[in-house]
Amino acid sequence: MACVPEQPTRLAIAIVTFNRPEFLAELLRSATRLETPAWRIVVIDNASDEPTSRVLEEAAGWFEPGVLVTRRLATNTGGAGGFCEGTKVALELGAEWVWLMDDDVEILPEALDRFAPWMERFRVIHGRRYDFDGSPFYWQAKFNEFLGVPLPYGVKRTFNDEGFALTNSGTFEGMLIHADVVRTIGLPDPRFFITWDDAAYAWLAAQHTDVVYVDAYVLKRKREQKQVNLGLRHLNDGSPLFRFHVMRNRAYVGKYFALHGRLNRVGFGLGTALTFAKEVFRLVVVQHTLTGLGDLVRGFRENRRLWKDRSWRPMDPADVPPALPQP
Numbered sequence: 001m002a003c004v005p006e007q008p009t010r011l012a013i014a015i016v017t018f019n020r021p022e023f024l025a026e027l028l029r030s031a032t033r034l035e036t037p038a039w040r041i042v043v044i045d046n047a048s049d050e051p052t053s054r055v056l057e058e059a060a061g062w063f064e065p066g067v068l069v070t071r072r073l074a075t076n077t078g079g080a081g082g083f084c085e086g087t088k089v090a091l092e093l094g095a096e097w098v099w100l101m102d103d104d105v106e107i108l109p110e111a112l113d114r115f116a117p118w119m120e121r122f123r124v125i126h127g128r129r130y131d132f133d134g135s136p137f138y139w140q141a142k143f144n145e146f147l148g149v150p151l152p153y154g155v156k157r158t159f160n161d162e163g164f165a166l167t168n169s170g171t172f173e174g175m176l177i178h179a180d181v182v183r184t185i186g187l188p189d190p191r192f193f194i195t196w197d198d199a200a201y202a203w204l205a206a207q208h209t210d211v212v213y214v215d216a217y218v219l220k221r222k223r224e225q226k227q228v229n230l231g232l233r234h235l236n237d238g239s240p241l242f243r244f245h246v247m248r249n250r251a252y253v254g255k256y257f258a259l260h261g262r263l264n265r266v267g268f269g270l271g272t273a274l275t276f277a278k279e280v281f282r283l284v285v286v287q288h289t290l291t292g293l294g295d296l297v298r299g300f301r302e303n304r305r306l307w308k309d310r311s312w313r314p315m316d317p318a319d320v321p322p323a324l325p326q327p
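Quick note on UniProt numbering: the sequence shown kicks off at 1 and runs consecutively.
Hints in this document: simulated from the structure, not taken from any laboratory. These numbers were taken from a predicted model, which means no experiment stands behind them. Be aware that one or more of the hints could be misleading.
Derived DEER-like restraints, expressed as beta-carbon distance ranges [stated by the list, open to error]:
(1) E57 <-> A258: 19 to 29 angstroms
(2) E57 <-> L93: 17 to 27 angstroms
(3) D133 <-> H288: 18 to 28 angstroms
(4) N160 <-> R310: 42 to 52 angstroms
(5) E57 <-> L259: 19 to 29 angstroms
(6) D161 <-> G294: 44 to 54 angstroms
(7) N160 <-> H288: 15 to 25 angstroms
(8) D215 <-> D309: 34 to 44 angstroms
(9) P317 <-> T9: 19 to 29 angstroms
(10) R33 <-> T291: 36 to 46 angstroms
(11) A74 <-> D319: 31 to 41 angstroms
(12) D113 <-> A60: 35 to 45 angstroms
(13) E57 <-> N264: 24 to 34 angstroms
(14) V280 <-> R310: 45 to 55 angstroms
Only pairs whose alpha carbons sit at most 20 angstroms apart, straight line, appear in this in silico SDA-like list of lysine to any residue [to be verified]:
(15) K220 <-> L93
(16) K222 <-> R10
(17) K255 <-> N144
(18) K220 <-> D131
(19) K222 <-> F137
(20) K222 <-> R29
(21) K278 <-> Y138
(22) K220 <-> E96
(23) K222 <-> K308
(24) K255 <-> R265
(25) K278 <-> V266
(26) K308 <-> K278
No residue lacks a Cβ here, since even glycine has one placed at the ideal position from N, Cα and C.
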């Protein structure tokens with residue numbers, strides 16, 4: 001293998017994968033084409049079946065020794081658990097930055113070069129993504145704190161004249177976060193399992209630093225989903241697990257809001273009702289069924305139980321690996 005230039009910033013890409021070996025292989029191949037290489041690539045295998053192990057064994061030969069670091073979890077901890085572990089491993093290795101992503105994306109070759117100027121200014125950054133068909137992927141979310149739900153920035157314009165937009169929401173399909181921010185707010189909360197974890201994590205970060213969305217394409221989504229274009233936003237299809245957790249995890253979001261004195265109980269309750277209505281709308285318009293209504297109801301019941309849990313505590317920044325001495 002030819003020698004590649006050293007990445008001056010210790011940036012680790014943290015990937016969470018679960019039983020999608022073909023997508024994972026494509027993602028890791030795209031990482032080999034980066035014009036500026038990543039310092040480390042951490043793959044968290046969420047207890048996948050055997051084909052994923054074979055992909056990772058083969059991929060070890062695509063990178064310089066020590067670049068690809070893999071961890072296989074004993075059970076599937078969901079995206080939230082995987083990103084918690086991936087962030088922890090990256091910081092244990094000594095990463096200064098962690099770029100979090102699912103396994104169903106492709107990294108554009110110029111990605112880290114496009115991030116570089118923004119990394120001098122901000123500490124939590126989201127780049128733009130192409131959808132699976134090559135069109136710009138829709139993501140313009142910003143928390144409305146009264147309702148406790150992310151809403152679109154607006155119809156006409158997202159980015160300012162400098163090419164970025166401030167936000168207080170986020171996505172783990174491409175969030176780039178500095179290690180110092182993680183040490184301030186703690187690791188991603190694995191209790192979410194799936195959904196709301198990334199939005200809540202960026203919201204926590206936004207209580208301490210600017211969180212931005214920049215006008216620079218860095219990723220392309222690879223997985224095709226059922227989708228309806230509503231103009232203001234796109235709605236994708238959802239799984240039973242998603243429907244359950246999108247309602248259940250509202251309780252975790254609310255607890256974090258309350259912790260920071262930002263919870264308006266009337267507004268948040270309205271936001272929960274709107275979330276339920278949106279998911280019913282998704283079922284009808286995108287998936288043409290009401291079969292998943294029971295998943296939403298079960299999630300809401302668990303939501304009520306979690307609100308009553310007096311033992312809940314936020315993630316502890318003391319659990320974050322400390323910074324390693326500079327070489």
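Handout entry: Given hint Y138 paired with K278 - CA-CA distance at most 20 angstroms
Key = Cα-Cα ~17 angstroms, so holds.
Exercise for the section: Could you check the hint for me, namely that N160 and H288 are 15 to 25 angstroms apart, CB to CB? Expected result: 40 angstroms, violated
Handout entry: Outcome for the supplied range 42 to 52 angstroms, where the beta carbon pair is N160 and R310
Key = 43 angstroms, holds
Handout entry: Pair hint outcome, K220 versus E96 [Cα-Cα no greater than 20 angstroms]
Key = Since the Cα atoms of K220 and E96 sit roughly 24 angstroms apart, the hinted pair is violated (cutoff 20 angstroms).
Practice task
Verify the proposed pairing of K220 with L93, using a straight-line Cα cut of 20 angstroms.
Solution key: 27 angstroms, violated
Exercise for the section: Mind checking the alpha carbons of K220 and D131 for me, to see if they're no more than 20 angstroms apart? Expected result: 6 angstroms, holds
Handout entry: Range hint 45 to 55 angstroms (beta carbons of V280 and R310) holds or violated
Key = Cβ of V280 to Cβ of R310: about 31 angstroms, so the range 45 to 55 angstroms is violated.
Handout entry: Outcome for the supplied range 19 to 29 angstroms, where the beta carbon pair is E57 and L259
Key = Hint violated: Cβ distance 43 angstroms, outside 19 to 29 angstroms.
Problem - Straight-line alpha-carbon gap K308 to K278, limit 20 angstroms - result: The hint is violated at about 25 angstroms.
Problem - 31 to 41 angstroms as the expected CB spacing between D319 and A74, which holds or is violated - result: 19 angstroms, violated
Handout entry: Outcome for the supplied range 19 to 29 angstroms, where the beta carbon pair is E57 and A258
Key = 46 angstroms, violated
Handout entry: Assessment of proposed distance window 44 to 54 angstroms (beta carbons of D161, G294)
Key = 49 angstroms, holds
Hint check: violations occur at hints 1, 5, 7, 11, 12, 13, 14, 15, 16, 22, 23 and 26; the rest are consistent with the structure.
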